[in-house]
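The task is simple: from the sequences and hints, build the whole structure.
From first to last, the protein sequence lines stand for chains C and R. For the first sequence, my numbering begins at 1 and goes up steadily by one. For the second sequence, my numbering begins at 1 and goes up steadily by one.
No lab work stands behind these hints: they were computed from the structure. All the given hints hold, so there is nothing to weed out.
Simulated pairs of lysine-lysine, DSS-like, Cα-Cα distance not exceeding 25 Å:
#: 1; chain 1: R; residue 1: K176; chain 2: C; residue 2: K448
#: 2; chain 1: R; residue 1: K324; chain 2: R; residue 2: K297
#: 3; chain 1: C; residue 1: K451; chain 2: R; residue 2: K20
#: 4; chain 1: R; residue 1: K193; chain 2: R; residue 2: K148
#: 5; chain 1: R; residue 1: K109; chain 2: C; residue 2: K451
#: 6; chain 1: R; residue 1: K119; chain 2: C; residue 2: K451
#: 7; chain 1: R; residue 1: K91; chain 2: C; residue 2: K451
#: 8; chain 1: C; residue 1: K451; chain 2: R; residue 2: K123
#: 9; chain 1: R; residue 1: K205; chain 2: R; residue 2: K91
#: 10; chain 1: R; residue 1: K91; chain 2: R; residue 2: K109
#: 11; chain 1: C; residue 1: K357; chain 2: C; residue 2: K448
#: 12; chain 1: C; residue 1: K451; chain 2: R; residue 2: K128
#: 13; chain 1: C; residue 1: K351; chain 2: R; residue 2: K123
#: 14; chain 1: C; residue 1: K448; chain 2: R; residue 2: K91
#: 15; chain 1: R; residue 1: K20; chain 2: C; residue 2: K448
#: 16; chain 1: R; residue 1: K119; chain 2: C; residue 2: K351
If you want the building blocks of each chain, they are given just below.
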Amino acid sequence: MLKNHPTIRFILQRGIWYLLTFFVAVTINFFLPRFGADPIDLIMSKQKGATGKQAEDKRTAYMKEFGLVDQQKVAVTVNREIFVDGNNKPISYETLSKSGLLVEDTLTQLWNSTFSVTDFAALQNALKKLNEKKGLKLPDWIDVWGGCEEVEIDDEREDNYECLPAWGLEEILRKNLTASEILSLPGININMGVKVYSANANALSEKLGGFSLVSEAYLVKEKSGELNIYQYNGDTQKPRYVKIAGAGNKVDDGNVSFLIGNEVLYNKAENEQDESVLTMLIPIRRSLFGQYIQYLGMIARGDLGTSLVRYPQSVGNIVSSAVPWTIALQLPAILIGWFFGNTLGALAAYKRGLFDKILFPCALLTNSIPMFAIGMLLVYVFAEGLGIFPASGGYAIDVVPGFTIAFITSAAYYYILPFLSLFPIFASGQATGMRTMGIYELGTGYVKYAKTLGVSEGRILMYIFRNAMLPQLTGLALGLGTMIGGALITEMIFSYPGLGSALLSAVQTNDYPLIQGGALLVMITVLVANLTVDLLIGFFDPRVKAGLSGG
Amino acid sequence: MSIFEAKHLSLHYLTRFGSKVHAAVDISFELEEGEILGIAGESGCGKTTLVSGLSGMCIPPLNYTSGEIFVSGQPLIGRPLEDIRENVLAKEISMIPQGAYNALNPTRKIKDLAMDVLKSHEKGKANKKEMYQRIHNRFELLGLDTDKVLNSYSVQLTPGEKQRSVIGISTLLNPKMVIADEPTSALDVTTQKQVIGVIFDLLEKKVFSTMIFITHELPLLRHVADRIAVMYAGEIVEMGTSEQLVFSPKHPYTQALMSAMLSAEEGARKRKPEAIEGAPPNLAEEIVGCRFAPRCKHATDGCKKNKQEIRIVDNRQVRCENAK
Ligand SMILES: Nc1ncnc2c1ncn2[C@@H]1O[C@H](COP(=O)(O)OP(=O)(O)OP(=O)(O)O)[C@@H](O)[C@H]1O
Ligand SMILES: [Mg+2]
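Below is the structure:
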């Protein structure tokens with residue numbers, strides 16, 4: 001079928017080739033940081049001040065983020081008291097969770113979205129709304145409090161402590177976080193908490209279809225600084241909190257013992273009869289192949305991972321906030337440079353004579369000056385010497401980025417010197433290339449023929465420009481492709497925000513996910529640019545086109 | 001009055017290092033309206049060089065050394081180039097270049113190339129449709145699949161189609177004189193015949209009337225040319241009617257050329273073609289005496305030293321002091 005569609009065949013062929021190249025690039029990108037020294041060791045050696053347990057936790061987090069460990073489902077037995085149905089039969093957390101009625105889940109959503117530590121009234125409102133949406137009207141047993149240490153929580157409470165909400169705990173248990181990680185979660189402030197207690201347990205139990213919810217548990221930071229888990233005793237009249245576990249160290253409470261750490265173990269007391277099975281995720285080191293598959297999956301989903309150094313920012317976020325600067329820095333320089341350089345080159349080839357004699361050496365000279373030299377010279381003369389332009393940055397400190405005239409004028413002003421350091425080099429490179437191509441084209445039979453027939457100068461110039469330009473398009477594509485990572489030096493000299501700067505600091509701090517993400521982005525842009533040009537030339541250059549149709 | 005005249009025309013190439021290659025020296029001839037002049041000579045003797053300079057516009061590195069050219073009595077050299085481009089090229093003198101395979105811009109369709117020629121000469125009154133019709137009509141005369149060829153790029157055409165397209169484009173403006181530089185070399189025999197047929201068809205249809213025809217093939221020239229000029233090392237060594245040159249050549253080089261020719265005539269089998277020994281002189285160096293003398297069987301001490309001038313022998317021009 002494809003035999004009859006040379007164009008489709010051509011596109012497919014090229015597409016497959018580029019996809020294959022991309023795949024190889026991804027593979028190289030995956031393996032490079034895994035050769036030689038252990039990347040996690042390298043990073044840890046640069047993390048100052050992290051010692052003991054804290055360092056160990058950090059290492060675990062890094063390993064997880066870097067895809068070195070896997071989350072494996074492990075069945076753990078759970079005390080039946082946590083969830084029981086109307087007939088006092090134990091049900092698993094998952095079943096309850098799937099029922100869609102679990103208050104914890106509602107709150108978890110809130111945790112992820114609107115949680116604000118300053119506006120408790122708003123939080124309370126949000127909670128109410130959420131519950132109303134779910135058909136639950138639970139105004140009197142939702143209580144949000146927090147803030148200062150001296151809060152009177154409940155008369156019946158044995159200690160005066162600050163709490164983290166139970167739903168936070170659930171979240172924490174599911175995510176397998178360590179205590180110190182919990183404390184470093186965004187938005188977590190140990191000095192406040194949300195308490196949900198079932199003062200109206202029976203009414204709730206009806207709403208929940210016979211389930212009774214008795215699983216209030218709190219992660220509590222004691223005055224002493226120790227972390228413990230307290231569980232609500234289920235008594236609506238005389239609510240009490242019983243310490244059931246300590247974080248990091250094993251605490252026996254007669255019934256159960258918890259250990260919260262890298263591994264969550266849940267040991268049921270020997271004499272306990274009823275139990276339900278709760279599956280939990282436990283980190284286990286992955287095989288290299290497993291890591292590779294996981295990496296491919298991430299790439300396929302467009303997930304570049306999480307930065308280790310700027311944890312917990314995602315690489316995608318860092319890159320996408322840096323790339324616009326890089327593009328804004330380079331795109332105008334490349335496009336204008338390309339047009340300017342090619343026009344000059346074509347003119348030099350056509351006119352020759354004095355114009356060429358002056359232009360050509362100038363272009364060669366400019367092209368051979370290293371980029372940093374021009375940049376530093378510009379800074380030295382115009383910023384430090386004359387003080388006309390700013391020496392560094394992308395915009396003035398006193399303006400806020402956004403679509404405002406103040407910001408745009410400031411950015412344009414700060415852009416001039418970086419532009420001037422990039423533009424001449426690209427333009428002169430294009431000019432010399434175009435001149436050579438143009439001179440070659442001028443010597444071809446078709447130009448001579450057109451001349452002997454008196455075809456006008458403008459038309460002949462157009463012939464030359466067009467034919468010489470086709471190879472130059474590849475230069476443009478490569479310029480655009482390497483643009484993303486190519487302005488590193490310029491960004492350094494002018495302290496310009498952008499991907500180059502981001503990558504540089506990533507290299508300095510061994511932030512592998514960020515390096516990999518940036519490298520991948522550069523590869524993709526180069527490949528896409530080349531593919532585009534490949535296809536364009538295939539369509540626009542009859543010399544190539546004839547080749548495709550087998551003519 | 002002659003339609004074209006060259007007087008003592010000399011041309012040279014300026015090489016990169018500043019030296020000159022005198023590839024056409026002291027060329028003089030006249031052409032009457034309706035006349036066909038054949039130019040013959042071995043490869044590298046300066047045929048292409050000569051005709052490249054006839055239009056009044058030399059494309060570097062080719063330059064005029066000296067001499068004059070008249071078209072319809074008007075001097076050509078010294079006229080502003082823009083004037084020549086607009087009024088002489090393709091209108092008075094049109095060129096069918098050697099090697100049509102690279103004469104067509106590969107990135108433009110044939111119709112656009114033809115259109116470019118028309119537009120370059122007819123500013124202002126451009127009517128695209130009417131122009132296209134004219135191009136179409138002219139290409140109809142070439143025995144081609146007109147629509148297909150016009151809408152093709154040169155790479156999609158066969159050598160014969162390319163050559164005929166070039167002929168079509170070169171004769172679009174009904175030029176007074178056409179210079180065809182080996183229009184059939186690099187073509188197979190049948191295609192050669194077709195292309196020659198097309199050229200003479202156009203002559204018959206009065207698309208143009210006067211022609212300079214360059215070819216290696218002397219037998220062909222005998223049939224088509226009224227007069228023949230034989231070139232050697234940049235000079236015309238003999239010029240006369242076709243009969244004179246083919247049947248009674250006077251210059252030793254013409255004689256050698258004729259006997260070197262593979263001929264299909266009767267009795268030709270018994271005559272062994274004779275190769276001319278030696279090689280032509282280096283045109284970048286100064287040459288003393290007759291240019292052919294080193295290879296000439298009849299060379300004398302005199303002609304080895306004396307520069308040879310055109311003489312009239314037996315009603316034709318011969319550049320040999322010993323020719324009788
Ligand atoms: N651009 C150039 N620069 C210097 N010398 C040249 C240049 N072009 C041609 N010549 C020389 O001029 C001489 C005449 O070349 P020309 O192309 O006119 O020969 P020709 O008779 O047309 O040969 P052919 O039959 O092979 O086409 C040759 O000796 C060649 O080496
Ligand atoms: Mg030639």
